Amino acid sequence: MTENELKNLIRSNPDDGFRQLFEQYHGYAFTIIHRTLGGTGCAKDAEDCIVDTFADVILHYDTYAKGSLRSYIGAVARNKAINLKRSLTAAEFYTVGDEETNDIPDNSDSIEESAEKSQTFRLLLDKVEGLGKPDSTIIIHKFFFDMSSIEIAKTVGMTPAAVRMRLSRSLKKLKKSLEELGVTL
Amino acid sequence: MKGENKINELFSHSDNEDAQRISDAHPVFSEAKKDELYKRIQDRVAAEKSGNDFADKVTGVEVHHGHGIMRYIGIAAALAVLIGGIGGGHYLIRNNMNPDRTFSEIETEESTETSEVQEATEETEEEPAEEAVIQDFDMSTQMGVFGKMLNSIDYYDYASGVMIQSDTARNDLCTESAFNVDLTTGKSLDVLTRYNIYNDYHDVANDQPLEGEMDQYLGVFDVYCDGTNELEMAHDSNIARIATAEENQAQHRTSDQLDPQTVIDYMNSIDIPSDADYYTPTIAYFENGDVQLRGICSNTRAAFNLLEPGYTAVDFLYDFSTWDITNESFEYAGRDCVVLEGTHPRISAGLIPYRGLSNFTFVVDKATGCLLKMQTFDTDGELIEWMVTKDIRFDADAEPVPEKDLEIHRTDEYFTEPEINTNSHGETYGSCNGAIVRENYDKLPDLIYNCLFYDGGGYFRKDDLFEAFGDQPEDVMKRYAVVRVDDGEPSPAGTDIKIYDEEGENVLFTLVYYQK
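Those protein sequence lines, which keep their order, are chains A and B. Numbering-wise (my numbering), the first sequence opens with residue 208 and increments by one. Numbering-wise (my numbering), the second sequence opens with residue 212 and increments by one.
By construction, these hints were calculated from the structure, which means they are not laboratory data. Source: prediction; values computed, not measured. Ideal Cβ placement from N, Cα and C applies to all residues, glycine included. Warning: the hint list may mix true and false statements.
Claimed, not checked - Cross-link-like lysine-lysine pairs, in silico, DSS-like; alpha carbons within 25 Å at most:
| # | chain 1 | residue 1 | chain 2 | residue 2 |
| --- | --- | --- | --- | --- |
| 1 | A | K334 | A | K379 |
| 2 | A | K340 | A | K380 |
| 3 | B | K250 | A | K251 |
| 4 | B | K244 | A | K361 |
| 5 | B | K615 | A | K361 |
| 6 | A | K340 | B | K244 |
| 7 | B | K244 | B | K615 |
| 8 | B | K250 | B | K260 |
| 9 | A | K361 | B | K250 |
| 10 | A | K380 | A | K334 |
| 11 | A | K383 | A | K340 |
| 12 | B | K615 | B | K250 |
| 13 | A | K361 | A | K340 |
| 14 | B | K709 | B | K654 |
| 15 | A | K251 | B | K244 |
| 16 | A | K361 | A | K251 |
| 17 | B | K601 | B | K577 |
| 18 | A | K361 | A | K380 |
As the list claims (entries may be wrong) - Stretches of chain A that chain B covers, calculated by requiring three or more beta carbons in the stretch to come under 8 Å of a beta carbon on chain B:
| # | segment |
| --- | --- |
| 19 | 219–228 |
| 20 | 238–251 |
| 21 | 257–264 |
As the list claims (entries may be wrong) - Over the 12 Å line for every Cβ pair with chain B, so calculated as not near, a few chain A residues:
| # | residue |
| --- | --- |
| 22 | R371 |
| 23 | S375 |
| 24 | K379 |
With these hints in hand, go ahead and build the complete structure from the sequences.
If you want it as structure tokens, here you go:
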């Protein structure tokens, strides 16, 4: 469903529209939240953040406002995740302006290093996708979302043992690619 | 590449396009988990709206004024007056048909807060879109009947019932469809059972009770749509296959109403080849042409023939000179209906339709445009295809779509190879890893799981099938009626195929393949 179609659905039938919005963007928001949390917190924290994000969107999003719905959701998800990370670590974080929806810069990297890592990430993603499903899904859930074999098993419809077996085989297949990219697990 | 990077550290250098790419390709939550999270979101929203404010706010507050739905009711009413020439001029706005919506108040009250985020993402000016206006059609006219059948999905949100339709393979087979449909979410359940008809099928086609027995070849299976995917589920097993070539193919009621005159004009513009078969013209021309039919939004396998008769309407009714409304008020299945009788338009055009089809009788629900009964006949008057409704309910009277526990189903089986194991005798056993034909003999397991659609449990012996049905058991078996016979039960005369446990030792039951 396009953004305009979704906005029209929200206007004509808000509960169906917002449910569809959740269906369409929950994965996107979850990915941004996980990326922003960067390993802080547990799976339940990320789920709480998803709930906060979409409750906020439902309560405050104006379908007649200009702009991209996806960007809006991305920005809310990221801000929620930043707040959560702050509260979890009690550390001072760089607060990103709302005008951009990029991720939180890692101050330890130069711009060139950061750009190189972004490029490496995409190459890595290409290699992972090249494994095909369900192996690519298992790798991403394991290493990007820190999900356990049990959690992954529920999502991909396999037993936890089968997930572990496929993960092991996939990593063997990926080994050479990871070495070429200088990536460790 | 210099140095080493941790895989999860690289992830922090991804951008939002990467996030979209990942989320598009790799669903992170099961359906049950999504439902659980969305319930929590609803609770949070409800709590906040009732004044129990515990949700975080994104920084910044700005007053926005909501755009109440009433504004569009006015637009719809004005348009309805203009369109009223065809039908009664009665408009319906889709969500207004079902006012019991938990979030409906969001649109009708003034929003007092929004976030800076919204401003930050403002990029393009956007005009509010006009709501789709749903007109009613005059069911005493051919155009009205045709239009409503094309757009039946606009006239109900929920439906449930039972229908029986003929099977194309043999006259003494039929399929029963017990269905529940929710067009507002795309969720549906279509429980399909194939029966061997023991009484005269003409009687069944004329609303007499079906006397028969479930056929063991196709047996019973569910087609369940969770609003996102259409899944085929065998009964009493944990197997669910995504029924479409790709994921996320469930259809939703989002397109505008189809103008019947546009469809007629389009059909008249098509040069149908004289050797076109029965089904090709409608589907092919509409899928590839400029005019699109509205899809199968009920996400059902058989019930759509009743609930969304658009394709049938186009195929049979686009030429008004070949049919008539022969009864404007006929009660059928407890509904007020119209009866249509006519000749297939391709007969009129001198073309020969499928199976010598010539005449037809349809019974169409006036309120929804659903096709509740159909019979088609060949040039000798012999019944070819038929469908009858045993029970039909709409909206408030409809039974809701039952929730399926997808957690217990292997929903991603579509990308896994069947598992072949070896028993203590050194025989292989498992599901089919290819069609049961001689060319695949060597790669088929010795004991083949008895699960086509019907999850009967147990295993065929491969050699039994080739001995009984020749080199192409896969094709030949379909031509038989099949009944399950447990130990000691009488059975019809036919070919007995024993079903074993995975050790190939104990006979669990017998399937009798026979021809009436």
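query = Regarding the assertion that S375 (chain A) does not contact chain B, is the least Cβ-Cβ distance greater than 12 Å?
reply = Non-interface label stands for S375 (chain A): nearest chain B Cβ at 16 Å, farther than 12 Å.
query = Is the Cα-Cα distance between K340 (chain A) and K380 (chain A) 25 Å or less?
reply = 14 Å, holds
key: Assertion that chain B covers the segment 238–251 of chain A - criterion: three or more residues, beta-carbon distance below 8 Å   = holds (count 6)
query = Okay, the segment 257–264 of chain A and chain B, do three or more residues pass the C-beta test at under 8 Å?
reply = holds (count 6)
task = Quickly compare the C-alpha distance for K361 (chain A) and K340 (chain A) to 25 Å and report which way the hint goes.
result = 15 Å, holds
task = Please work out if K244 (chain B) and K615 (chain B) have their alpha carbons no farther apart than 25 Å.
result = Holds, because 13 Å separates the two Cα atoms, which is no more than 25 Å.
key: Given hint K380 (chain A) paired with K361 (chain A) - CA-CA distance at most 25 Å   = Answer holds: K361 (chain A) to K380 (chain A) is near 24 Å, not above 25 Å.
key: Pairwise hint evaluation, K334 (chain A) against K380 (chain A), where the allowed Cα distance is 25 Å at most   = The hint holds at about 10 Å.
Restraint status (C-alpha distance of K361 (chain A) to K250 (chain B) at most 25 Å) = 19 Å, holds
task = Would you assess whether R371 (chain A), listed as outside the interface, keeps its beta-carbon beyond 12 Å of every beta-carbon in chain B?
result = Label holds. Min Cβ-Cβ 15 Å, cutoff 12 Å.
ask   = Are K250 (chain B) and K260 (chain B) close enough, with their CA atoms no more than 25 Å apart?
value = The given pair, whose Cα atoms are some 15 Å apart, holds under the 25 Å limit.
query = Are three or more residues of the segment 219–228 of chain A within 8 Å, CB to CB, of chain B?
reply = holds (count 8)
Consistency with the previously given hints is maintained throughout, with no hint failing.
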